[in-house]
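**Q** If you want the building blocks of each chain, they are given just below.
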Amino acid sequence: MKEALNLFLKSIVYSYSAIFFSRSRWFGILLLSLTMLYPAQGVCGLFCCMMVNSMSIMLNLNKYKIETGLYGFNAVLVGIALGAFFTYDALLIALIFALSVLVLLLTIAMDGWLQKYGLPFLAFPFLFCLWLVLLVFQQTDGYVDVNVFPMTTQHALSIGAFSVESVEGLSFCQYLPQPILFYLKSLGYVFFQSDILSGTLLMLALLCFSRIAFCSTFLGFVMAYFCYGWFEFDIFHIPFMYFGFNFIFTSLALGGCYLVPSKSTYAWILLLIPAQYLVVFSSTRLLSYFMLPTFSLTFCLVSVLFLYLMKRREVLTSPYFSYFLEATPEDNIYYHSVNKERFDYLNYYPFSLPFMGEWKVTQAYDGEYTHQGLWRHALDFQLEIDGAVYKDDGYMLTDYYCYGKPVIAVSSGSIVDLRNNVVDNPIGQKNVEQNWGNYVLIKHTDTLYSLVAHLKTDSVRYKIGDTVRKGDVLGLCGNSGLSPYPHLHFQFQSSSYVGAPTLEYKLSSYFCKNELNLSHPVSAGIPKDNDIVSNMIFDSAMADRYKFIVGNRMTAYSDKFGEETWEVCMQYGYNYLYCHQTGAKAWYAYREEDFCFQRYEGEKRSNLFYFFLSNYRVYFVSEKYQLEEKYPLTLKANTPLGWIQDICSPVFFFMDYNYRVDSMDGGVLRTKWIKKICKKEISNVSFETVYQSNQIKNVKVSDKQSVWNIQINK
Amino acid sequence: MLIDMREKKVYERPLLKSIESSMPGKAGMPASVSVVSEIDGVSLKLLASKNGTPLFVFSEMQIRSNIRKARQAFLTRYKSVAFAWSYKTNYLSSICRLFHEEGSWAEVVSGMEYQKAIDNGCDPTKIIFNGAAKSEADLIRAVQNDSLVHIDNSRELCLLVSIAKAQNRKARVAVRVNMDVGTYPRWDRFGFNYENGSAWQAIAQVMKEECLELVGLHCHVGTFILSTDIYRKATHKMADLACRIEREYTHSLSYIDMGGGFASKNTLKGSYENGAELAPSMDEYAEAITSVLMNTPFPSRQMPMLILETGRALIDDAGYLLSSVLTTKRLADGRSNVVIDAGVNLLFTSFWYNHKVSVVQAPTTCIEETRLTGPLCMNIDVLRDRVSLPLLNPGQMLLFHYVGAYNVTQWMQFIEYRPSIVMIKEKGEVKTIRRPEDYDYVTALEE
Chain P
-18 MKEALNLFLK SIVYSYSAIF FSRSRWFGIL LLSLTMLYPA QGVCGLFCCM MVNSMSIMLN
42 LNKYKIETGL YGFNAVLVGI ALGAFFTYDA LLIALIFALS VLVLLLTIAM DGWLQKYGLP
102 FLAFPFLFCL WLVLLVFQQT DGYVDVNVFP MTTQHALSIG AFSVESVEGL SFCQYLPQPI
162 LFYLKSLGYV FFQSDILSGT LLMLALLCFS RIAFCSTFLG FVMAYFCYGW FEFDIFHIPF
222 MYFGFNFIFT SLALGGCYLV PSKSTYAWIL LLIPAQYLVV FSSTRLLSYF MLPTFSLTFC
282 LVSVLFLYLM KRREVLTSPY FSYFLEATPE DNIYYHSVNK ERFDYLNYYP FSLPFMGEWK
342 VTQAYDGEYT HQGLWRHALD FQLEIDGAVY KDDGYMLTDY YCYGKPVIAV SSGSIVDLRN
402 NVVDNPIGQK NVEQNWGNYV LIKHTDTLYS LVAHLKTDSV RYKIGDTVRK GDVLGLCGNS
462 GLSPYPHLHF QFQSSSYVGA PTLEYKLSSY FCKNELNLSH PVSAGIPKDN DIVSNMIFDS
522 AMADRYKFIV GNRMTAYSDK FGEETWEVCM QYGYNYLYCH QTGAKAWYAY REEDFCFQRY
582 EGEKRSNLFY FFLSNYRVYF VSEKYQLEEK YPLTLKANTP LGWIQDICSP VFFFMDYNYR
642 VDSMDGGVLR TKWIKKICKK EISNVSFETV YQSNQIKNVK VSDKQSVWNI QINK
Chain V
158 MLIDMREKKV YERPLLKSIE SSMPGKAGMP ASVSVVSEID GVSLKLLASK NGTPLFVFSE
218 MQIRSNIRKA RQAFLTRYKS VAFAWSYKTN YLSSICRLFH EEGSWAEVVS GMEYQKAIDN
278 GCDPTKIIFN GAAKSEADLI RAVQNDSLVH IDNSRELCLL VSIAKAQNRK ARVAVRVNMD
338 VGTYPRWDRF GFNYENGSAW QAIAQVMKEE CLELVGLHCH VGTFILSTDI YRKATHKMAD
398 LACRIEREYT HSLSYIDMGG GFASKNTLKG SYENGAELAP SMDEYAEAIT SVLMNTPFPS
458 RQMPMLILET GRALIDDAGY LLSSVLTTKR LADGRSNVVI DAGVNLLFTS FWYNHKVSVV
518 QAPTTCIEET RLTGPLCMNI DVLRDRVSLP LLNPGQMLLF HYVGAYNVTQ WMQFIEYRPS
578 IVMIKEKGEV KTIRRPEDYD YVTALEE
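If you read the protein sequences in the order shown, they are chains P and V. Under the numbering used here, the residue at position 55 of the first sequence is numbered 36, and the numbers go up by one with no gaps. Take the position in the second sequence, starting the count at 1, then add 157; the result is the number in the numbering used here.
Worth flagging that the hints you see were computed from the coordinates, not collected in a lab. In this text the structure is predicted, and so the values were computed from the model without any measurement. Treat the hints with care, since some could be wrong.
Taking lysine-lysine and the BS3-like style, the derived pairs with C-alpha atoms no more than 25 Å apart in a straight line are [to be verified]:
hint, chain 1, residue 1, chain 2, residue 2
1, P, K656, P, K541
2, P, K695, V, K322
3, P, K585, P, K605
4, V, K236, P, K494
5, P, K681, P, K617
6, V, K365, P, K605
7, P, K372, V, K245
8, V, K236, P, K528
9, P, K321, P, K681
10, V, K236, P, K451
11, V, K584, P, K494
12, V, K322, P, K678
13, V, K327, P, K528
14, P, K678, V, K236
15, P, K494, V, K582
16, V, K236, P, K509
17, P, K566, P, K605
18, V, K365, V, K426
19, V, K226, P, K372
20, P, K605, V, K226
21, P, K509, V, K226
22, P, K46, P, K97
23, V, K245, V, K273
24, P, K528, P, K657
25, V, K584, P, K605
26, V, K390, P, K695
27, V, K236, P, K372
28, V, K236, P, K424
29, P, K372, P, K424
30, V, K245, P, K678
31, V, K236, P, K487
32, P, K605, V, K422
33, P, K494, V, K322
34, V, K422, P, K444
35, P, K509, P, K566
Okay, the calculated beta carbon distance ranges per label pair [as the list claims (entries may be wrong)]:
hint, chain 1, residue 1, chain 2, residue 2, range
36, V, M451, P, G446, 19 to 29 Å
37, P, P407, V, G339, 45 to 55 Å
38, P, R641, V, S457, 36 to 46 Å
39, V, F571, P, N495, 24 to 34 Å
40, P, R293, V, S457, 26 to 36 Å
Where is the CB? At the ideal position from N, CA and C, for every residue including glycine.
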C-alpha cells in the first residue's frame, strides 16, 4: 500500500516535470505550484492527472512509465485546458471524468504505436482530446469561456492581430524588447496562463533546471520570431503569439532532451524553422474548417518526424541520441562527451590481438609498404627486444624473435579457408605467386572475418570447417608468401574470399606501451605504427574484489560523512550501489576486463561519491598501467563558472575533470581526480584504495585541506 | 683492443716458459684472455678509484633486459605467466625492486625474506612462501596477509589448518610436489612425492579442509638443469595432477608453479664445455614448458597461470666482482699464484663454478697458467685453481663474471669486511646499493 502511494505521489510530481521532458522532483513541484496561480485551472489539471495516474496504477500498466509521469503529463495539460475553457459547474466535473478516460486511452494507444519505432508520443493525446472537446462544444454558446483563453480560432480570427499591451498589467514589461516579452508570454501559455508573471517564473525555473534548455528554447523562439516577417501570409493574420510556443518546445525536445546538444542540434533547430512555419499555417487553415485551433500540432509533428529521420541514419554521427531521457540536457551532453570514448567498445564485437605477449606494429593501416588501396586496413606485427627484431646477424629465419611464435584466434569462429603448404622464404626473398603464404581465415559473424597470413610451413593444426575458440593456437608465425622477413599479417574483411578488401575494425581490451615503457589500456582501438601492444591478461584475484553480489550490503565509515550502508541493487539489468542514508546511486558495470562506474546520482557529500571518484575505472590486471579518463562535468558544483560552462558546452569545454590511475603498487591502487580549467590543473584529490585479500578495505582520500579514510566492510 | 698510448705501459716481469710444440688438443688453441675495462660505459678504473676493491657491480640494464627477454619468451607462448623473484638468489632491496618494477612477484623462503618482500612494496597476495621450515609465526602472518603458502610437509598442512581456523579465513595454498624426472640426485626432500602417491594424498587432504583453498601446484625439479627435456617431463606430471584435480573435484587451479633451476652462463666445475654455450636459451626452456601446457586438455578449458621462480638465469650475468691483485708468488711446483683481495668469503659460488675472469688493463703478451687465491688465511680460499691469465702485478685488477646469483646472499663476514655493492643505472649513473661494512657494524651485536 505504501509502495503504491509512493508510486502515485511520484507519478503526480513527475507528470508535471515530464511536460518539460524532465524528471526532477523540485522542478515538478515548482511547475505544480505554478499552475495554481490560476487555481481553477490548476485544480482541474491536478485532478485530471490524479485520475489518469490512479487508473494506470490500478490497471497495472508499466510502472516505470507511470512513475516517470509519461502517462500523466498529457492529462495535466488536458485538465488545465478544460479549466481554462469551461465555466465551473457539474458539466466540467463530468467532462474531466470523461476526458481522463479518453486521455488515458489515447496515451496508451499512441505509446503502443510509436514506441515500436522508438519515438515519443509527445502531446498528441492532449491535442486529440482537446480537439474532440472543442468539436463538441465550440458551437454551443456559453460553455466555452473564450475570455480566459484568447487563443481559440474564433477569438484569434475575430480580434485579428493580437496585441500584447491589451492584456498586459505589469508596467515593467514595456521596457522589455518584444521577442523577450513574447518568449515569456509563450512560456505562460504552456499552462494556459496569459500573464507575464507566470512566464517569468517558468523561465526562471527552466533556467535553474537547465541552462542549455533555456538557451536552446530562447534561441529557437527568437530566431523564429525574427523569421516571422519572411513567412507571414496576410491571409490569416495569425499573430506570432498564437503559435510561438511550438518553437520553444521543438527547440527543447531536439536541442537537449531527445538529442545530445551540440552545434549540429542548434543548426537543426534553425533549419527546421521554415518547415514549422509551413505546418503552422497549413494546419491552421485546414483546422479552421472545423473551427479548431492548431495548438501544439506543429511541435508534435515536426519533432516526431525529425526524430524518425535521425533514426534512419545508417552511420551515427552528431547529433547523437540522448542516453537518459529524463535527465537534463546538461547530463546528456556531459555524459555523452565522456561515454563516447569510455564505452566505445560496446560498438564492437570483442576481438583480441592475434598473438600472446608484447608485439610491435611494424606496418599499420595505410602503411608505406603493402597496406594500401583496398588492403589498407591491415596490421603487421613483429617481436622486438632492445630495439631489434632479430638476434645475431639476422640471416637465418630463426634469428627473428617472432619466427615460430604461436598465432592465436582473435575470437571464436569457424575456419572457412586455410593454406598450410607454402614453403617459408629465405630472408630477403618474396613469394609473389602465393602472396598470402600460409593463412587461416576465420568467420566470426556473417559479415566479419579475420585473416592471419605468412604462417610457418605446416604449422596450422586445423582443417577447413573446424571451429576455434578465442585464444586457440592457429599456427606459428612464419615467412611464407609476400614476406621478406618473418612477420605476422592480420586483417579483418567482410567476405570469405582470400584477397577480399580489408575492413576497418577496432580491437578490444589491449595494452599499448608508450615511450616510457608504461602500459596504457585501450578498451577499443586500432594499433598504430610502432605501437607495442599486448593482450590484457586478467587477474581474477583483482576481479574478485569488485564482485558485488546483488542484495549484499556493506558499510562505509568515514569521520567526515559518518557511517553509510550501501546496498548492491539491480534495475533493468543494470547494477548500482545504493546508499541507504542519502539515497544516492552509483551505477556501475562489471566485465571480465574491468569494473567501472557509469553514473552518479544524488548527494555528493557522501562516502559513496568519493568511492565513485576513486574507483571510476579499475582494470583487472596485475600489470602496472597508467590510465587517464574524463569524469562527466555533472560532478561540478553549481557555481557561476559552472553555469557558463553549461551554456558553452554544446560548442566547447573549458573545464575538465580527469580521472587518473597512477599506479598499482604493493596491492594499493593510486588514483587521482584532477580539476582543470583551460587545460591548467587547478586542484586535485588523490585516492589510495587498499585491499585485504578479496575485498576492498579502505579508501584514503587526500586533498589540499585534509586526509581522511573511508573504511569499507562487507 | 685499443690501447691508450698515453697510458703508462704495464711492466712485464720476466718469465721462463717451455715451448709447447705439440699439436693443438681437441679443445683447440689455449684460451685467449678477455679484457673488460668498462661495464655499461662506466670505466672500471674509475669505479675502483671511487669505491675501492673488492667491489660488487650490478648492471640495471642487464637485469631489465634479462627479465624482459624471459617474459617475452614465455608470454609469447602462453597466455598467463608470472615470474616470482627468488629472494634467496639475491635479496638486495634495490635488485628486488627492479624485478618488482618489471612485474615480478616475490618468492620467499623465510620470515626475513617475507618481511623484505613486504618492505619492497610487493603486494602480499603476490608473495609465494616456499621452504621446508616455515615457523608458526611466519605462517600466521602469511595467512593473515593472504599470501600464497606452498605446503612442504604434513606437519605444515596441519599447522595451516589450525591457523586458518583460528583466523576464520580461507588460506590460499599450493602443494609442493617432487618427482622423478631423471635427474640425479633426485630432489625428493622438498614437498610430497608424485610417484608414490603422497602428493595426491596431500592434495586430497587440502581439498577436504574447508579452511584451505588449493590455488596451485608447485614443483622445483633441481638446479642448474641443462636439459629442457627434464622440464617437459615435469610439466607433464604437473599438468596431469592438475587435470586429475579438475576431474575429481571439479576445481580448477589458478596456477602451476614450475619453480626455477634454469642454468646461467656460468661453467660448472668439471664441465668440459663453456657454460655460456652449453646452457639452453630462455626460449628453449619456455618452449619445453609451454608446449606441454598448451597441449594439455584441461577439462574446464581454463588454462592455469604459469609461475616461474627462476633466479640464477636472470641475475647471474648482471653481477660482477671487481678485485685487485695483492701479491704474486710461485708455488712449489713452479705455478704462478696470484693473491687477490676477494676470496671465497665473497665468492661463495666459486666452490662449484669456474667463474669467467677478465683483466681490466690491456694484457701483456704472455699468458701463464695461474692459480687465483683470496686474502683469507685458509687453505680453501681458492677462486680458480687453473686459469690462463697474463702476468699480473700487484694493483692490477681482475673482473669476475656471472656472480649475480647467490654470492651477495651467501657471502660471509669472515676475516675481512664485506665490501660495498654498486649498481650502474640505466643512464650510466653509479649508485651504491649497499655500503661497505666497518668495525662498528661487525661488533654492533656483541655484548
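**Q** Next, verify each hint and record whether it holds.
**A** Hints and how they fare:
1. For a cut-off of 25 Å, the pair hint linking K656 (chain P) to K541 (chain P) stands: about 21 Å separates their Cα positions.
2. Distance hint between K695 (chain P) and K322 (chain V) is fulfilled; the C-alpha atoms sit about 20 Å from each other, no more than 25 Å.
3. A distance of roughly 30 Å separates the Cα atoms of K585 (chain P) and K605 (chain P); the hinted pair therefore is violated under the 25 Å criterion.
4. Between K236 (chain V) and K494 (chain P) the CA atoms are separated by roughly 18 Å; this keeps the pair inside 25 Å, and the hint holds.
5. Distance hint between K681 (chain P) and K617 (chain P) is fulfilled; the C-alpha atoms sit about 21 Å from each other, no more than 25 Å.
6. For the hint pairing K365 (chain V) with K605 (chain P), the CA-to-CA distance comes to about 36 Å; that exceeds 25 Å, so the pair is violated.
7. About 32 Å separates the Cα atoms of K372 (chain P) and K245 (chain V), which puts this hinted pair outside 25 Å; it is violated.
8. For the hint pairing K236 (chain V) with K528 (chain P), the CA-to-CA distance comes to about 23 Å; that is within 25 Å, so the pair holds.
9. With a CA separation close to 30 Å, the supplied pair K321 (chain P) and K681 (chain P) exceeds the 25 Å bound.
10. Taking the CA atoms of K236 (chain V) and K451 (chain P), the gap is about 11 Å. The hint holds against a cut of 25 Å.
11. Distance hint between K584 (chain V) and K494 (chain P) is fulfilled; the C-alpha atoms sit about 20 Å from each other, no more than 25 Å.
12. Taken as a hint, the K322 (chain V) and K678 (chain P) pair is honoured in the structure, with Cα atoms around 21 Å apart against an allowance of 25 Å.
13. Only pairs whose Cα atoms come within 25 Å are accepted, and K327 (chain V) paired with K528 (chain P) is accepted, the gap being roughly 18 Å.
14. For the given pair, K678 (chain P) sits about 30 Å from K236 (chain V) by alpha-carbon distance, which is inconsistent with the 25 Å threshold.
15. For the hint linking K494 (chain P) to K582 (chain V), the alpha-carbon distance of about 22 Å falls within 25 Å, and the restraint holds.
16. Under the criterion of a C-alpha separation no larger than 25 Å, the hint pairing K236 (chain V) with K509 (chain P) is consistent with the structure, at around 23 Å.
17. Distance hint between K566 (chain P) and K605 (chain P) is unfulfilled; the C-alpha atoms sit about 30 Å from each other, more than 25 Å.
18. Restraint check for K365 (chain V) and K426 (chain V): the C-alpha separation of about 47 Å exceeds 25 Å, so the hint is violated.
19. For the suggested pair K226 (chain V) and K372 (chain P), the alpha carbons sit about 12 Å apart, so the restraint of at most 25 Å is met.
20. As the CA atoms of K605 (chain P) and K226 (chain V) are separated by approximately 18 Å, the hinted pair is consistent with the 25 Å bound.
21. For the hint linking K509 (chain P) to K226 (chain V), the alpha-carbon distance of about 24 Å falls within 25 Å, and the restraint holds.
22. Pair hint K46 (chain P) plus K97 (chain P) holds up; C-alpha atoms about 15 Å apart against a cutoff of 25 Å.
23. For the given pair, K245 (chain V) sits about 11 Å from K273 (chain V) by alpha-carbon distance, which is consistent with the 25 Å threshold.
24. In summary, the hint linking K528 (chain P) to K657 (chain P) is not supported, as the alpha carbons are separated by about 32 Å, beyond the 25 Å threshold.
25. Proximity of K584 (chain V) to K605 (chain P) is assessed by CA-CA distance (about 22 Å); at most 25 Å being required, the pair is judged to hold.
26. Pair hint K390 (chain V) plus K695 (chain P) does not hold up; C-alpha atoms about 45 Å apart against a cutoff of 25 Å.
27. Restraint check for K236 (chain V) and K372 (chain P): satisfied, since their Cα atoms lie roughly 24 Å apart, inside the 25 Å limit.
28. Straight-line distance between C-alpha atoms of K236 (chain V) and K424 (chain P) comes to about 23 Å, which keeps the hinted pair within the 25 Å bound.
29. Between the alpha carbons of K372 (chain P) and K424 (chain P) the distance comes to roughly 36 Å, so the proposed pair goes past 25 Å and is violated.
30. Restraint check for K245 (chain V) and K678 (chain P): not satisfied, since their Cα atoms lie roughly 32 Å apart, outside the 25 Å limit.
31. Restraint check for K236 (chain V) and K487 (chain P): satisfied, since their Cα atoms lie roughly 21 Å apart, inside the 25 Å limit.
32. A C-alpha spacing of about 31 Å is found between K605 (chain P) and K422 (chain V), which places the hinted pair above 25 Å, so the restraint is violated.
33. Pair hint K494 (chain P) plus K322 (chain V) does not hold up; C-alpha atoms about 44 Å apart against a cutoff of 25 Å.
34. Note on K422 (chain V) and K444 (chain P): the hinted pairing is violated, with a Cα-Cα distance of about 43 Å set against a maximum of 25 Å.
35. In summary, the hint linking K509 (chain P) to K566 (chain P) is not supported, as the alpha carbons are separated by about 39 Å, beyond the 25 Å threshold.
36. For the pair M451 (chain V) and G446 (chain P), the beta carbons lie near 22 Å from each other, so the given range of 19 to 29 Å is met.
37. With their beta carbons about 38 Å apart, P407 (chain P) and G339 (chain V) fall outside the hinted range of 45 to 55 Å.
38. Checked against the hint of 36 to 46 Å, the pair R641 (chain P) and S457 (chain V) passes, with Cβ atoms roughly 37 Å apart.
39. Restraint check, F571 (chain V) to N495 (chain P): a C-beta distance of roughly 48 Å breaks the suggested window 24 to 34 Å.
40. Our hint of 26 to 36 Å for R293 (chain P) and S457 (chain V) is violated, since their Cβ atoms are close to 47 Å apart.
When each numbered hint is compared with the structure, violations occur for hints 3, 6, 7, 9, 14, 17, 18, 24, 26, 29, 30, 32, 33, 34, 35, 37, 39, 40.
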